[in-house]
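Novice: Residues per chain are reported as follows:
6 protein chains.
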Amino acid sequence: MVLRQIKTLIKRWFPTPVAHAHCDGPCGVYDPATARIYTEAVVSMTRKILDLQPPADQNPQAMATYLNTMSRYIQIKEEQAQKAKEEILILWTDYFKPQHLEQYPNLHDMFWKAAKLCSSCKVEVNLQHAEELLAAVEEVHKVFWATKNRTDVSWYKAS
Amino acid sequence: MVLRQIKTLIKRWFPTPVAHAHCDGPCGVYDPATARIYTEAVVSMTRKILDLQPPADQNPQAMATYLNTMSRYIQIKEEQAQKAKEEILILWTDYFKPQHLEQYPNLHDMFWKAAKLCSSCKVEVNLQHAEELLAAVEEVHKVFWATKNRTDVSWYKAS
Amino acid sequence: MVLRQIKTLIKRWFPTPVAHAHCDGPCGVYDPATARIYTEAVVSMTRKILDLQPPADQNPQAMATYLNTMSRYIQIKEEQAQKAKEEILILWTDYFKPQHLEQYPNLHDMFWKAAKLCSSCKVEVNLQHAEELLAAVEEVHKVFWATKNRTDVSWYKAS
Amino acid sequence: MVLRQIKTLIKRWFPTPVAHAHCDGPCGVYDPATARIYTEAVVSMTRKILDLQPPADQNPQAMATYLNTMSRYIQIKEEQAQKAKEEILILWTDYFKPQHLEQYPNLHDMFWKAAKLCSSCKVEVNLQHAEELLAAVEEVHKVFWATKNRTDVSWYKAS
Amino acid sequence: MVLRQIKTLIKRWFPTPVAHAHCDGPCGVYDPATARIYTEAVVSMTRKILDLQPPADQNPQAMATYLNTMSRYIQIKEEQAQKAKEEILILWTDYFKPQHLEQYPNLHDMFWKAAKLCSSCKVEVNLQHAEELLAAVEEVHKVFWATKNRTDVSWYKAS
Amino acid sequence: MVLRQIKTLIKRWFPTPVAHAHCDGPCGVYDPATARIYTEAVVSMTRKILDLQPPADQNPQAMATYLNTMSRYIQIKEEQAQKAKEEILILWTDYFKPQHLEQYPNLHDMFWKAAKLCSSCKVEVNLQHAEELLAAVEEVHKVFWATKNRTDVSWYKAS
Numbered sequence: 009m010v011l012r013q014i015k016t017l018i019k020r021w022f023p024t025p026v027a028h029a030h031c032d033g034p035c036g037v038y039d040p041a042t043a044r045i046y047t048e049a050v051v052s053m054t055r056k057i058l059d060l061q062p063p064a065d066q067n068p069q070a071m072a073t074y075l076n077t078m079s080r081y082i083q084i085k086e087e088q089a090q091k092a093k094e095e096i097l098i099l100w101t102d103y104f105k106p107q108h109l110e111q112y113p114n115l116h117d118m119f120w121k122a123a124k125l126c127s128s129c130k131v132e133v134n135l136q137h138a139e140e141l142l143a144a145v146e147e148v149h150k151v152f153w154a155t156k157n158r159t160d161v162s163w164y165k166a167s
Numbered sequence: 009m010v011l012r013q014i015k016t017l018i019k020r021w022f023p024t025p026v027a028h029a030h031c032d033g034p035c036g037v038y039d040p041a042t043a044r045i046y047t048e049a050v051v052s053m054t055r056k057i058l059d060l061q062p063p064a065d066q067n068p069q070a071m072a073t074y075l076n077t078m079s080r081y082i083q084i085k086e087e088q089a090q091k092a093k094e095e096i097l098i099l100w101t102d103y104f105k106p107q108h109l110e111q112y113p114n115l116h117d118m119f120w121k122a123a124k125l126c127s128s129c130k131v132e133v134n135l136q137h138a139e140e141l142l143a144a145v146e147e148v149h150k151v152f153w154a155t156k157n158r159t160d161v162s163w164y165k166a167s
Numbered sequence: 009m010v011l012r013q014i015k016t017l018i019k020r021w022f023p024t025p026v027a028h029a030h031c032d033g034p035c036g037v038y039d040p041a042t043a044r045i046y047t048e049a050v051v052s053m054t055r056k057i058l059d060l061q062p063p064a065d066q067n068p069q070a071m072a073t074y075l076n077t078m079s080r081y082i083q084i085k086e087e088q089a090q091k092a093k094e095e096i097l098i099l100w101t102d103y104f105k106p107q108h109l110e111q112y113p114n115l116h117d118m119f120w121k122a123a124k125l126c127s128s129c130k131v132e133v134n135l136q137h138a139e140e141l142l143a144a145v146e147e148v149h150k151v152f153w154a155t156k157n158r159t160d161v162s163w164y165k166a167s
Numbered sequence: 009m010v011l012r013q014i015k016t017l018i019k020r021w022f023p024t025p026v027a028h029a030h031c032d033g034p035c036g037v038y039d040p041a042t043a044r045i046y047t048e049a050v051v052s053m054t055r056k057i058l059d060l061q062p063p064a065d066q067n068p069q070a071m072a073t074y075l076n077t078m079s080r081y082i083q084i085k086e087e088q089a090q091k092a093k094e095e096i097l098i099l100w101t102d103y104f105k106p107q108h109l110e111q112y113p114n115l116h117d118m119f120w121k122a123a124k125l126c127s128s129c130k131v132e133v134n135l136q137h138a139e140e141l142l143a144a145v146e147e148v149h150k151v152f153w154a155t156k157n158r159t160d161v162s163w164y165k166a167s
Numbered sequence: 009m010v011l012r013q014i015k016t017l018i019k020r021w022f023p024t025p026v027a028h029a030h031c032d033g034p035c036g037v038y039d040p041a042t043a044r045i046y047t048e049a050v051v052s053m054t055r056k057i058l059d060l061q062p063p064a065d066q067n068p069q070a071m072a073t074y075l076n077t078m079s080r081y082i083q084i085k086e087e088q089a090q091k092a093k094e095e096i097l098i099l100w101t102d103y104f105k106p107q108h109l110e111q112y113p114n115l116h117d118m119f120w121k122a123a124k125l126c127s128s129c130k131v132e133v134n135l136q137h138a139e140e141l142l143a144a145v146e147e148v149h150k151v152f153w154a155t156k157n158r159t160d161v162s163w164y165k166a167s
Numbered sequence: 009m010v011l012r013q014i015k016t017l018i019k020r021w022f023p024t025p026v027a028h029a030h031c032d033g034p035c036g037v038y039d040p041a042t043a044r045i046y047t048e049a050v051v052s053m054t055r056k057i058l059d060l061q062p063p064a065d066q067n068p069q070a071m072a073t074y075l076n077t078m079s080r081y082i083q084i085k086e087e088q089a090q091k092a093k094e095e096i097l098i099l100w101t102d103y104f105k106p107q108h109l110e111q112y113p114n115l116h117d118m119f120w121k122a123a124k125l126c127s128s129c130k131v132e133v134n135l136q137h138a139e140e141l142l143a144a145v146e147e148v149h150k151v152f153w154a155t156k157n158r159t160d161v162s163w164y165k166a167s
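Protein chains in written order, with our numbering: chain X, 9 to 167; chain L, 9 to 167; chain Z, 9 to 167; chain A, 9 to 167; chain H, 9 to 167; chain V, 9 to 167.
Some hints could be false.
Identical copies carry no separate label here, and so any pair may be met within one copy or between two of them.
Lysine to any residue pairs mimicking SDA-like chemistry, simulated, CA-CA at most 20 Å apart [claimed, not checked]:
| no. | residue 1 | residue 2 |
| --- | --- | --- |
| 1 | K165 | H149 |
| 2 | K156 | S167 |
| 3 | K165 | I84 |
| 4 | K105 | E132 |
| 5 | K165 | Y103 |
| 6 | K56 | T73 |
For the record, the hints were derived by calculation from the structure and aren't laboratory data.
Chain X extracted, bound-state conformation (with noise of 0.2 Å):
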């Protein structure tokens, strides 16, 4: 039913058969490894944060060093989660079309997941969170190559 209604959805939005990509940019070099070397960054950092010990004392240097460290590793989870993000959706909005929704009909949650988790490891400082994130950038590079037809290209992580 619900998928009858997404179809037609669809067919209105989209009247001719989709021959041309209507991607961003240069079709065929979209690869879910970006997102997953953001992401590996992601839970290296939200590591990093969680074991980095407060100096003892208030020593204005101590703190000085301890804060300078703590605020670049909070900064580049920050920035490689919201690039993580920008993958995920790029791929979602640009990759993705009406034919691979109905392959996949879960698609949009997937993403939707994948997404929102990227802004839990923002707000967060979350091991568990981040590794959900790899994980649901895992699922992604396995349905893309999938897609693609493509099965030369292995999971791996560069950490």
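Using the hints provided, position chains L, Z, A, H and V relative to the given structure of chain X.
Specialist: Same frame as chain X, but now just chains L, Z, A, H and V:
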């Protein structure tokens, strides 16, 4: 059926009632007005691009002036459509929560359509798609303020 | 006297009647609403920063969470104040023309004050200055729409 | 008269003697040299744009090369003029204080003119305006270093 | 001889064994895959630029469509080449350490060449240089993973 | 020996005499002054960070003010060091050509050192490294202007 699956998935991701916003930033200051302003610029730029006359001959200075103006129009269209897309996606990923999806089951499609129209407005010089984007943003405006029970915010255009 | 000097200067810079807009981009789509939204975020973030409680002891994880939240609030305040400043200055440098200066002789001071308040809101954690900035933006809103003879655009807040 | 009004306004905004700088960032490291460098690039790019010859016929490869070069020149002119504008406005909003306005009553107009010239240099391909901008930046250079009683910083051009 | 001078210089800069990484950010998450993806986009865009046919006549709408597509291709080529350059330089300045230079004495030249090729790919529409850049990135990929003793990361292309 | 290898390599990359500049943008407007200004800001911010006193107790408002100031100082240090790095690398990758390397065989090391010092200034709060960076930029300034046979550009500091 599909709705139930979605619900189950959502329950798994967000096990406790989402009392604290998982938003990216300053809760309560979301406003689709920014997306509307960017989209108005897209409409305006699309019109100006279509109206610009190429020089009658290949005179270097006339070509330089024509291309300077044209390049800037195209660049502004590109930037504004990109910013509209970002604003639209911030609402989707950060403002809207699972309970809104229950209320508006076509939420994902509404945003997917709007985001894809932003990309179309970049790829093409197409006044119809620019105006469909403005209509899509108006729809987002209505749903957004409805979820906040605000009836005092009227839809207007700056141009 | 000074007014006359200003006029003479202006005449020298813009020898012919300014029939074509010297604007940066898409004429007709200026809207102080963006500056208002950014400023609302500054007010909101200033409040949240002042309300945030440091952890009772120097527990590493509690400090990490506190500093993650605090850093993000400060960063968002910074960004939003910067964006408010940019929007305000675009209006001053691109929308407002010499004829508006004749109508509003304190135009320069109004904008200088507003821009300086943006900087204050970055440098300080000062709720009074944040609210003065919001008032300054409301003043800009009024002058702006008055110059366009638009009476249908009411001032509202999203938060 | 007007001067007095301005003074009164300023007093109201800044009730105590401004002992602490309300600057955006690292006080003491302002230097109009950056605005000068960006403006030199605008002058250089404007010249190159005007000198570039369109291809004799519509040969695809010749057109591609011509448009690649032209687009880059236009884009660089745009960016450099934008950065010159930002540097100029940082000086106006953050370095210059009310006491400077008393010393240089045409301060606001000097900066308004310079900022508007930046916009003109973007909108047009106009060597005269580019050179007027360079002269305006030289004027800013002189006033700036005079307020710091520095006589050792000479005006030079990199190109 | 020269090698010895270099060694001496390096010893002077880094007097103690470099036990702590002087990296810019999240150690261990470097991955040349990003540079590869950006470079693939440069190759793809160069091809598309060379293939795009100018309109037969100066019809305004045909010109608008042609220039919109061409401008976007050029802009994407520019951005992706710039990002490839940034990724390449992060590896050179932050990942690679003096001990790697001893192992790979042509390290500096390898990176200088790669960075200069990025600039060439911006300045020109030159498929040969784009492909040379891809080869240079593949070389970086090999050296990088060799220094990490990782043999499981194979070179693949997304396009 | 090594010099000869380098020469051979260079000849292979750039087979014809490099008559046309392979620069990124507006040739002739390079100026190390920008790197110097950014570096002065890094020195200034490092000093301010080291001088800032933490509040005596954990009073929320005092902590908020302290962290707002500290975060901004750290952020400005980060940004300015990053911009200094970018300016330095633009000179290395775009201004300097193989013939300069023959003249200055330690060119690569000079720039590698300078770029690595930028990263150190981000990672640490270290006044000595900040001053070493300023010295490195002064060295770049001297080499740069020497290659242009300009003796009229003196080294000065804005702060």
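Novice: The structure should be examined with respect to each hint, and the outcome stated for every one.
Specialist: Evaluation of the provided hints:
{"no.": "1", "hint": "K165 with H149", "result": "both (12 Å within a copy, 15 Å between copies)"}
{"no.": "2", "hint": "K156 with S167", "result": "between (26 Å within a copy, 10 Å between copies)"}
{"no.": "3", "hint": "K165 with I84", "result": "within (19 Å within a copy, 28 Å between copies)"}
{"no.": "4", "hint": "K105 with E132", "result": "between (33 Å within a copy, 18 Å between copies)"}
{"no.": "5", "hint": "K165 with Y103", "result": "between (23 Å within a copy, 17 Å between copies)"}
{"no.": "6", "hint": "K56 with T73", "result": "both (15 Å within a copy, 13 Å between copies)"}
Hint compliance for this structure: no hint is broken.
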